[in-house]
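Chains as they are written, first to last, in numbering that gives the first Met the number 0: chain V, 0 to 1080; chain S, 0 to 356.
Just so you know, these hints were derived from the structure itself, not from any lab. A couple of the hints might just be wrong.
In silico contact screen, one side only, chain V against chain S (beta carbon under 10 angstroms); selected entries [to be verified]:
1. Asp-219
2. Ile-265
3. Ser-287
4. Arg-455
5. Ala-532
Glycine residues also receive a C-beta, built at the ideal position from the N, C-alpha and C atoms.
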Amino acid sequence: MRLENINKVLVLGSGALKIGEAGEFDYSGSQALKALREEGIETVLINPNIATVQTSEGMADHIYFLPVTPEFVERLIAKERPDGILLAFGGQTALNCGVELYRRGVLEKYGVRVLGTSVETIINTEDRELFVRQLEKIGVKTIKSEAVETVEDARNAAKQLGYPVIIRAAYALGGLGSGFCDNEQELDAMVEKAFSFSPQVLVEKSLKGWKEIEFEVVRDRYDNCITVCNMENFDPLGIHTGESIVIAPSQTLTNSEYHKLRALAIRIIRHLGIVGECNVQYAFDTGSEDYRVIEVNARLSRSSALASKATGYPLAFVATKLGLGYGLFELTNSVTQSTSAFFEPALDYVVCKIPRWDLGKFRGVNRELGSSMKSVGEVMAIGRTFEDALQKGLRMIGQGMHGFAENKELHVDDLDEALKAPTDKRIFAIAQAMYEGYTVDRIHELTKIDRWFLQRLEHIIELDAELKRTDGVEHLEYDLLLRAKQLGFSDFQIARAVGLGRTMTMDQAVLRMRQVRKRMGIVPVVKQIDTLAGEFPAQTNYLYLTYSGIKNDVQYTGDHKSIIVLGSGAYRIGSSVEFDWCGVQALNTIRHNGYRSVMINFNPETVSTDYDTCDRLYFDELTFERVMDIIELENPHGVIVSTGGQIPNNLAMKLDGQQVKILGTSAKSIDNAEDRDKFSAMLDRIGVDQPEWSALTSEEDMEKFVARVGYPVLVRPSYVLSGAAMNVCSNEEQLHKFLRLAAKVSKEHPVVISKFMTNTKEVEMDAVARNGEIIAYAISEHVEYAGVHSGDATIMFPAQRLYVETVRRIKRISGQIARELNISGPFNIQYLARENEIKVIECNLRASRSFPFVSKVLKINFIDIATRVMLDLPIERPNKSLFDFDYVGVKASQFSFNRLQNADPVLGVDMASTGEVGCLGEDANSALLQSMLAVGMRIPKKKILFAIGGPKQRAHLLDTIKRLVDRGYTIYATGGTSDYLNGLGVANIRVYKNEHLDEHGRLKQPIVSNLMHNKEIELFVGIPVDTLADSVHDSYYRMRRTAVDLNIPLITNARLAEAFINAFLDVPINSLAIREWSEYK
Amino acid sequence: MKKAMLRLSDGTTFEGYSFGADVSVSGEVVFNTAMVGYPESLTDPSYAGQLMTLTFPLVGNYGVPELTFRSDGLATYMESERIYARAIICCEYSGKFSHWNAHESLAQWLKREGIPGITGVDTRALAMLLREHGVMMGSIEIEGCEHAEQSRYEDVNFVAQVSCKEVMRYNVGGAKKVVLVDCGVKHNIIRCLIDRGLEVVRVPWDYEFGQIDADGLFLSNGPGNPDNCMPLVHHIRNYMQTGKPIFGICMGNQLLGKAAGAAIYKLPYGHRSHNQPVRLVGENRCFITSQNHGYALDADTLPEGWMPLFENMNDGSNEGIRHVSKPWFSVQFHPEACSGPVDTEFLFDDFVKLLNQ
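Chain V on its own, in the form it takes in the complex (with noise of 0.2 angstroms):
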């Protein structure tokens, strides 16, 4: 029975995806407003993440882009105020504001009711110390910890323990500041941080090598309890569950085994009181059923996004139903429609997760995985073997690897290392070490992989081995091929094991081999993921292909009717939850016009590959194969490849190659934009400018290159060695040593060098256009100067600052390209800009990061706009006076560098955040406040410190910082920018490295690192010389790396600094107005 009174219900939302927090958050905000929607209650939605599916309209009633911290929130309730408050469905950033709010005596004074989990619960959950009480109370076994409060005790605790111990920040996310040490030093220096992000700190014995398996429990106010889903860790205890390859259902565990941690979970939830949904995590020995409970989230989470889209089973939806007092009895199977929520998901399939790291991004971050998480997304991989679902997964991440076998030799120094201390790379080295003729056993000792896992990664070495002692294609056998297809083999691994690629492209190899292979009859079938493994006809279309299998689960009937739309796959540094939102987008508008939408992605943060979102939903594979292999099932009215970001635009060569009907702007458009050389023949032929740039092969030619133009220059290899894919070069000496440890110049790997403007304004186009025509458009500009890539800009929406000539400027040219290129469709044009001189630097024809962005500023649906253009249905021409509105937009972006330890968080050419925020606001300074705030900038009240590399920088920061000093602030500064000052007396105390000597040998003061650690400096304006900060060794890169592990907010460029300052200066933080969205006219 439901609750009375609750009528008005505020969810919070997760705000920017970091690391440790992404879209999953977006899957279960999206699924808690659909079901309250569903109750006719009134919905109002906190968060500031303007790209995501539960910030669209129609989604909640009212919708806020404002930070989802305390102060915001409880302004907000005074506004609104709602009945009841819903916190487990933001990740940790919703439940920490929750926890705050109850403390603060919020929810009491305003009367709002925490539904589901009680806040009194979720302490109990949190607070180490309470939970491992709690569970001692019912004979549960947790990890033996202790909490501590100072670094002393923490040492006594660990040698109590004995180390190995673990470290651990209380109340912090995805294990934010922990970490497992081996000695005392190594225990200082966790400790130390640990204690930056909470003032508990928790050491534990260690339990490396022991299983780590979950289990997702749903329990309503009756007390009916259910377990929807468990997993079982890939890699042993020690590396974080997010880190880990993740198997559901467990794979090793037996009968006795799952039950008992089945039956201890629902036990725990019972005991905690838990209501709507919580995972528990344990620790399970290899030689005994013994074990230890990790902890329990008492929240929605990665895995509970994880286990609803593994199972069928919408957690986030029956959880917000349970917190509105239904009983599970009282729910459907959203999946069968006709029986119980109150029942435990059948498999019959296994589904393997596999993390996406993009260390590659970051210079001097530490590679090595541990108890702290660095992926920046996921992939979800689901097959009827292991082999199939791991080595899918694995094409599934994106990052060249063409599954567990056939890939390119990698190159390690030290396997065993590489083996023993896991890094991004681990599951490549385990088929390095097989090929190399390692045991199952060896591997085991080194890893502390289950045998099991191991024996089926060597199953597929060996068919592997037997596959190319096929001589040839056609001497191929239909028994070893169909095996080979069961284990996950793709047909680009087939063709290279045979040798196809001896005598010609591996591409004419693939389209070769798919032939040969359809010609024997070896073709998927598609199954359906039903929540009850056959027993109970589904009514929902969650689809995968297996070649384990006779019989499609899908009849189909060739009408026409299908539009497939190609999904973005992994999050990842540069395309993430924006992209869903296009996707979901473009399926509202396909279904809205009487087409079948099918969405083919494999991301299960996501709400795409949410079943009720479309039609159809292939949660499979993006590669060419696949995407052909679905084609060829569907017969559909086309296929669009413009709203999922790189990869599906990257597929329309190759598709439109096979005549598959591509919606919208041409496959050959696209790839005159996308080839270097043509789109640049291109624009020269309009008469458009962009940058000078040169693809060379030689050092000899790059000189010639850079003497013509002079430095600097932007130089981007296409083939990396270590550390950023691209980099800027001031001078002679930073460019021969980028291509000596960066990249490699030879004939088959070329160099694309361009001039670098400095002082330059980006500018960004998004636009939609119909036959060569722009439709619908906006122009916004970057509060960076070029150099700080567009993924990493703070963009202003409308453009603030540009000359109206410039305006008119990039509509004209816009206009050209768009004609030119005869786009149909979304697409997004970067120029430059100085004075009224304005380049081109690139032309995506396709959704781009900023349009949800654009679009809600506008309120015009792009990507509606531009769907109904690939469908060829008619268009209302947004008015012009749309495009003239009184508000702004400020999107911001969100960095994870606080979980990359070591990298250095300077900005520069190549992207490096993992989120973004936007607000809106009366004014820039306003808009631009708020989404700072949401991406974690606190405003100083006193203290600030200013490490400032150039000249220019100095001189461009110096009435901001006079503007401090009036106003009270103590400015710090280093040596460099102390004199600076100093010379034209701005007031301000020198620090110093603790290294300088005053006359008496004794260190000057204050020392810089001792004013951090001691929380001395509230905000650090650390801006480099130039982007290629190239020592990660310098002092420098130290204090920032400083900042970033005491959680001291940073900021490292100067036009952003000075927009942030005077921004809090000018707008008093109570001043911001609580307006929703639809108030913004």
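Position chain S against the provided structure of chain V, taking the given hints into account.
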């Protein structure tokens, strides 16, 4: 591996490979959607006469523990002394295994016990076919092996085949004494009873147990058609005269129902899984249960004085009955689990409470 084929009585065939004993067999083809517990299921006597299809594709991962026995004669890890299912059908048999408690592979065990196993079968397609058509007879034909024909499942008295042949006693001297009628009892039922301090007198299915001086009666699970057990039904009716507690599980539920006068029918494709939801009738209390049955009790035919105790939340079928005033109750599911969830084990405590009243 030899090629093998499953041929259903409707003519449908499924191809695969033999990984167990190379013997052709036939029997009733059923499907089980559990994701763990193949050693327990295979040794569950209720699978006698059946070809067990597992819908979870990966089978054999953790091998098989050694078939050892405790000092009281009960199996340490298994549910009986041998494999009772006539064959196992799966999609992806895992030849290599890994577990600290594994003694041998599933294939080795099947071979030793002379039980065929076939892998490479689209068990999802098979399960969906059985769902639409109902369970069918089928045979496994292994390349180069003679065909086997078996009688119709319904006509065979499997209980007589699997029941113990003589009286056996466990935990002699226990606080209360219970007669357990063995229709094919799973050892964990006996474990659950003796763990609660009861003395268990295990008797053959057709034994005149009325002569034993005991505090209560337990009716076990078992294979096949309950109509073949009429002698036992009469014994139960006689026992009811004593007014002493009765507890039944699975077949025990059907037999108690029959003794009360209710009718039994065959479900189209049975319940064989670890995820069956049941609801305590008239209450908001629900449980996830382990089930393995092809027949069900028609609750509408329960005579006066009896009422349904549990109900299946998916299809509404009966999951247990009780007498309104006498200490008699039974459940269709398996509170002893093994394999499956253990959430309803408290029913054994309820039985003990009745014995103590």
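These are the hints, each one checked on the structure:
no.	hint	result
1	Asp-219	holds, 9 angstroms
2	Ile-265	holds, 7 angstroms
3	Ser-287	holds, 7 angstroms
4	Arg-455	holds, 8 angstroms
5	Ala-532	holds, 4 angstroms
The structure agrees with every numbered hint stated previously.
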